[in-house]
Structures are given as C-alpha cells and as structure tokens.
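There are 2 protein chains.
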Amino acid sequence: MMFAVDIMERILVKNTSGLINQEILVQGFVQARRDHGKLIFIDLRDRTGLLQVVFNPRVAQDAHKIASNLRPEYAVSVRGTVKKRPEHMINEKIISGTVELEAVEIDILSKADTLPFDMGGESLDVELPTLLDHRALTLRHERVKKIFEIQAAIIEEFRRASLDLDCTEVVVPTIASGATEGGAEVFPIDYFGHHAFLTQSPQLYKQIMVGVFERVFLIAKAYRAEPSVTTRHLTEATQMDIEIGFIKDFTELLDALEKVGVAMINNVSEKHPEILKEFGVDKPLVPTKIPRLTLREAQEIISKRTNRDLSKEMDLNPEDEREICKWARTEHKSDFVTITHFPTKKRAFYTMPDPADPEYSLSYDLLFRGIEVLSGSERIHDYDQLVEAMKHKGVDPANFGIYLQAFKYGMPPEGGFSFGLERLTMKLLELTNVREASLFPRDMERIDERFSKTEEEKEVLQKNKSSERNN
Amino acid sequence: MMFAVDIMERILVKNTSGLINQEILVQGFVQARRDHGKLIFIDLRDRTGLLQVVFNPRVAQDAHKIASNLRPEYAVSVRGTVKKRPEHMINEKIISGTVELEAVEIDILSKADTLPFDMGGESLDVELPTLLDHRALTLRHERVKKIFEIQAAIIEEFRRASLDLDCTEVVVPTIASGATEGGAEVFPIDYFGHHAFLTQSPQLYKQIMVGVFERVFLIAKAYRAEPSVTTRHLTEATQMDIEIGFIKDFTELLDALEKVGVAMINNVSEKHPEILKEFGVDKPLVPTKIPRLTLREAQEIISKRTNRDLSKEMDLNPEDEREICKWARTEHKSDFVTITHFPTKKRAFYTMPDPADPEYSLSYDLLFRGIEVLSGSERIHDYDQLVEAMKHKGVDPANFGIYLQAFKYGMPPEGGFSFGLERLTMKLLELTNVREASLFPRDMERIDERFSKTEEEKEVLQKNKSSERNN
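Chains as they are written, first to last, in my numbering: chain A, 1 to 471; chain B, 1001 to 1471.
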C-alpha cells in the first residue's frame, strides 16, 4: 500500500530504529549531503537526532534527482523504508545508528541559502562575532543547541527545587519608577513622559511577596547598563530567585540555598550526562556536607596556600574564588563551597548585618568550580532599621514607597538568593564567554546586529547578503 | 518538658489538627484579634491557612498580656498546646477548624502599623485605586492572594502542557533594536546612546527558535505603550507562547491549541475547585470536540441569533464574542469555541494567508466564556513570501535581519499561539479588571504609585503616612 507524503504520520528519528522494513515518513533539516557514486546520502536532523537517508536512483529516480540539489538546512519530508545497517556500518554516535532510511519520495518544505561557513563539524569553529552575527543559523548547530538544552533543564530543575521548598511562583514587573538598589547603572525608559527604568533585579518585589506567600520563586529579567564589555556580563540577564520568610535563623537559609543549588546542578548533570561528556565536563563532586567558610576564614586559607596577604581585602577576586574552590575539591571532595559574612558595606542596603559583628553581614555566595553561581543574604525585616540602612547607603526611602509598605505592615525574618541563569549555564559547561549561554545576548556592542559597523564593513555585509540570496 | 520558642520546629497550620494535646510552635501573621472577656482569640494566618489561637491568662499570663496588644499583620511565633474543639465549635471554613491552639508563649517577630482599612472581611471592599495604592498590603488578603495562586497554577499547567507537546523552554530578549511588528506603540529605551525599545511580544524570537528546537515554549513579557486606559490592557503583560514546526497542516495547529488551552484551564480548575467556588465560577464545560467556526460562519450564526448584519465586519467585537460563546454553550455544551480565518489584512505580516482564499488567513482565536484567551496562526515560512508580506504591510525588512536570517536558511511549515497570563487569570475568576490579575500592574497612570497626584492629594498622603508610622 502506498501513502502520499502529506497524509502519513511523521515518525521522529529517535523512533526509527524499531521500525525495520517499514515504510515511514520523517521530516527535518538536511545536516549534510554526501554523494558516493550513484548513491546520495543525507544526514537528516530532527529535534531528536540524526538519521542517514540514502537515495538510490534504482529505488526512486525522482527522489534521487531532487536529492542531488539538496543543501544544508533545507527542510524536507522524506518517505522511505527503514533498513537495518550491516554490523560494521553501525554508527554509535547517532541515535538511529543501527538503521538508515532508503528514500522513496522527498518533498522540499523550504530551501536554504548556501551557508556562510561550515556547520557540519562536531564543533563550530567560528569567532564570537560571527557566531552572533549569524545567530539564527549558529543556534542550529548541535553543539550550540545543546547549551540551551542544558539551560532549559536548569530552569526546569530550578522550578522543581523551588516547588520542593514549597515556594509559589510569582511574576514581577520589569518597569520601575523611583527605586533602584544603587550601584549598577540603569536603562531609562520614556514611560508616557514619566521617568522610568528597567529593574536591576526582581529583588524588591520578591521581598514584598514574602508578606503574601511566605515563600516565593521567580524567573525574571535583570538589566544592567554598565558600560563594560567582559566575558561575564550581559546587559539583559535572567535571574532565578527564591525568597523565604519565617526563617528560624541564618543557617536555615544556608541549608536552603545549598539544597537548591546542589539539586539543580546535580539533576541537570544526571539528566544530560552525554552533553556534559561532550563538553568535557565531569559530573559535579557533591559531598554530604558542603564546606562553609566565612569570608575571613576563606581568606586565611587562601593566604596560607598562596602566601598572599588578603587581610585588607573586602571580597574574593576571581583568582581567590578559584583558589578556595581548589581547596574545597582537595580537602572536602566538593565542587561547591559556601562563603558567608561579606562586609556589610559591600552589600546592598537590605542585607542584614551580623548582630554579633555588624561590620560583617549575614550574606553568602555559593561558589561552584571557581565561580560564584548564587548570591544572597538574610534581609533586614524591621521597618525602622531598613529605613536607617537606606539612608546610610545614600538611598532615598521616598523612592521605595511600595517596598517599604511591605515592612510597615509586618514582615517576618526572611532571606533569599538568586542564580544567574546564563552564568550558571556557562559554568556548568565550562564555556569561556557568557554570551555563548544566551540565545540572543545583549551587550554594549550589539542588539542582535552589531551597532558600530564601519562603512566598509557595511558594504561587505550588504554584498554578502545579496550574493547569498542569489545562490 | 519545655522548649524555648526559638529551637522548636515550626508546624504549618494545615498540619495542626493531627497533633491534639501536643505542644507545638506555629508562625504567621495576625489576621484578626477578638477579646472575649478574659480570653483573647487571634486568627493566625500562615501560607497554609488559618488557626485560632486562644490566650488564657490562667494558662500563660505573659503571653496573654502580649496578645492584648496584637494588631492585624503582626508577624508572630506562638508556642502552645493543640486542643480539640467541641463538636459545635468546629469551623469548617478554615483548614484547622477542628482544633485551636492554647497559647503558652508568644514572640512578636515584627510589628505592623494600624491598617488603613479593614482586611478582616471575606472580600476586600476597597476601590481599585486603593487596592493598588496599598498593593504590598492588599495582596495579603486571602481573596486577593487566591487570584495569584490561580495564576501560579496557570503557569505550571501551561508548562506541563507545553512539555507534553515536546516543546523546549527558551528565554528570549525584551530589548530589541529595529524590529517592531507594527501596530501598537512601543516604549523607547536609551541603550548606550543607540535607539532600542521593549519588545511588543516574543513572537519573532520564538519563530527563530523553531529552526533550532522545532517546538518551543516560553513565558515572556510583552510591552504595549498604547495610551489607553481600559479594563483589559496592561502596558507590561505576561505572555505564554508556543511555536511548533513541521506541522502537517492548519488542523494540527488547531488540535494543539485546543489541547493546550483546554488542558490548562481544566487542570487549574480541578486543582483549585474551592477557589473557583469562592469566586462563584463554575467548572468549565468541555465537550469531546471544541466547536470550530470560521469568522464568517460565526458571524452568520450571530446574525441569525441577534438580527444584526455583520457581513461588513472584519472581526468579532466583544458583544459578538459573548454571543458566539452563548451559542457554543447552548448548542455544544462547550465553554470554548475556536474561531478561524480572520481577514489577512487584520493580522500581522507573518500570518499565512489561506491559499484557498488569500483575503482570509490561517489564523485563530480560542474564546472562553465570552472572551479571547488565545490567539495565533500558521506563519509564512517562505523567505520571499515573508519579505513580500512585510513590504505589503509597510514594514521594512532591513529592520528584521536576525529574524529573516532564520527563514533564509530553511524554515519548515510552522505556527503557534499565545495566551495572555493576566487576561486568562482575569477570565478564569471572572474578575472585572485585568489589573486585579497582575501583582504590580503597569498602566498609563501608575508604576506602583500614581503619577499625577495633585498637591492636595500629596499632602493628605503625607499626613496619613506620618500618622500611620506614629501609631
């Protein structure tokens, strides 16, 4: 019995190997074409993996003819028969490696221009500007795509861990008027003639929500207009936040953040061991108890190991972070280490000073393999103390009406923490630049396309564009 | 044996009724205080419900004295003994209604100012401006809070339905440069001296991602700078979007949207029947097959039922939407109805015209109880056709570089849809204003606080603030 391509049900590549000698329909993108004498092979890519399709003119002359014009990224429908591969032809690198599809009929769903660079290799060897200039294309590369499979898994596991903590998901605004946390610069918006700007973080709103749900989580945008171009900064980043109220003490917060942080990273690693392997990353080392150090303790350890004097330093610099993580790995078989009690003056106004020594605060960072992936603190929950702390930091309480209102009407002891999604993705896969961990990264130099092209560059680009279209 | 309040484990209110005669610690907000002769009763609210706490001076004199000064929204820790209530005193309205707590000790965690209005009633009888001026407080009211429990459930069920469709979650940017979909006005941003603005929807980016993951979903912000104040519009709204590629035909899209839309609304309703009941809303009527009508068919039905001539109308107005939903409920026992084939000229440039009649498009709305809750279409996936459609709508392709790139390199037939989170929340609970369904609604008139207060208003506000603080 023959079916027309357009009425058969599509079979996903991952399900083909069980359908030997059956006629099926697959759909996907052409990953590569290889002409071997009279046979044409294409690697067909769908969302579940790769399948080798063979076009034999003796089996299907029309299909073979169409196949001879296929180029990478053509979207196609192929009808054909699933054939078992001989033992020595099995390709263990692909999900359908025990079979191939002998094509009977092919429909081109969409043509593609000639690619500006080779996308067929296991890694994509292009410079960062090229990677981003062709983002709609480069995201399709298997290795690039996997970064965002990991990212989706991080989000999912963050949510799972948050729900396990009995948190309620909330949606908070990104447009704000008066209130800034101070520090980083902000993007101004013209809001119907009023001054407004994009929020630097969902911090203030999630704290308000503690008065409502006690425990909340959110996934939100954080905007930073710092005019700096580094490998670690985005102007538009994604934050995953938790805030919990009625905490018994600071330790409960540390327990919560370690539980969430470790669960997320562990579960993602267990879900995608093959991706970690491909990126050359080991499964995280997680001891029963994550080592916890105050900043001062950490500095002493680092000083001893490196003979550097850190007694005057107010924070850990990137080198210090790497060093203390080495220590944690060696001494505690842990890829995680929690650092607490950063100087009060280095933290935001809402951070609770340590009652035992107010120069230091009930704050913490969770370091993972040499970098901070989570940051947070116990918060000041007393209205008067909070207003004092604002004034002390030169922040005007008048700009924080709705925020202070939450404290005016009773706020329990509370605290929380947040992860940077892109930074965590970067670290988990040991990427070298956070831009690789953002689908469409925003920085000083580009919004999708680069801003400051020279006239010459523009001309070349224009030429390339026209010639590509004419292919 | 006696425990100090600060070392006992907190018990949640929902778990108290099984702990009769045990000494426990509860924490929460004072919802109300009632003095009955020598006894003082408080309703204690934690995130799981209400518990009656009784302070008897013969049991604990100190605690009784502290309790006599408690006011609503004080955050407290109470140690006491769980007592079974006599049969006739059982309160079925609260989760702990078979018991009460006889207080032994109380700690005030945080005081609260006198409330500006009564928060003790079953509903909160304040006007919208008051509701929003005191948002950090009014969100704590049980009935207001429930709106956002429903909202959290909607998000969760949307995600579940998306994952069931095999979609991957993606995070897309809100800052854009050139590209607008046309139509609604946008908020400009000063982006390091370059022109940028807030995205009107995640539409263009989710389409790009079809080339990568085939099927994607996202929860994102949509910004509309329309200078209009209605009960249905927010300037910053939340969209839940799905986009799927390699679709067989238009029908596959209709099947997907009905599946997702119905599953979400049904699951939320089944998860929180008590909230729906409290809001006076029935469980949705869902037939085996949602009725599907083209716009023209719907208009004919409405014309027959109302004797109005709609043959010149390009769309359904709110009255029409209500009428066709009445029809669906009567004729198909359905609270849902899908309307397809809106005029091509009324839809965005990326909407696929119906090849059989290009005046109409392969577009659809899902109506639920008289209002559109979902909207979408099959998209143009051919590069040249897309560029033509842009030009036809007066949209400059030069501003859509990264978007068009996705189509230049092969895009399968695809389509998708999106829900407005706040609007769906509003409709599911039959709220009268979408602002009630946004934690911190943004509109022309306010960002948390109202913009244009007269000097007199400001003075009164200031006075109120001072007097509240001095309470």
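Treat the hints with care, since some could be wrong.
Said to hold, decoys possible - Heads up, simulated DSBU-like pairs for lysine-lysine below, C-alpha to C-alpha not over 30 Å straight-line: (1) B:1038 x B:1146; (2) A:111 x B:1271; (3) A:259 x B:1271; (4) A:111 x B:1393; (5) A:271 x B:1038.
Hint data in this document are derived by calculation from the structure and do not stem from the laboratory. Here the structure is a predicted model, which is why all the values come from computation and not from measurement.
Each hint, compared with the structure:
At roughly 35 Å between alpha-carbon atoms, residue 1038 of chain B and residue 1146 of chain B are farther apart than 30 Å, so this suggested pair is violated. For the proposed pair residue 111 of chain A and residue 1271 of chain B, the alpha carbon gap of about 46 Å is over 30 Å, so the pair is violated. Among the hinted pairs, residue 259 of chain A with residue 1271 of chain B is consistent with the structure: their alpha-carbon atoms are about 28 Å apart, no more than 30 Å. Taken as a hint, the residue 111 of chain A and residue 1393 of chain B pair is honoured in the structure, with Cα atoms around 24 Å apart against an allowance of 30 Å.
For the hint pairing residue 271 of chain A with residue 1038 of chain B, the CA-to-CA distance comes to about 60 Å; that exceeds 30 Å, so the pair is violated.
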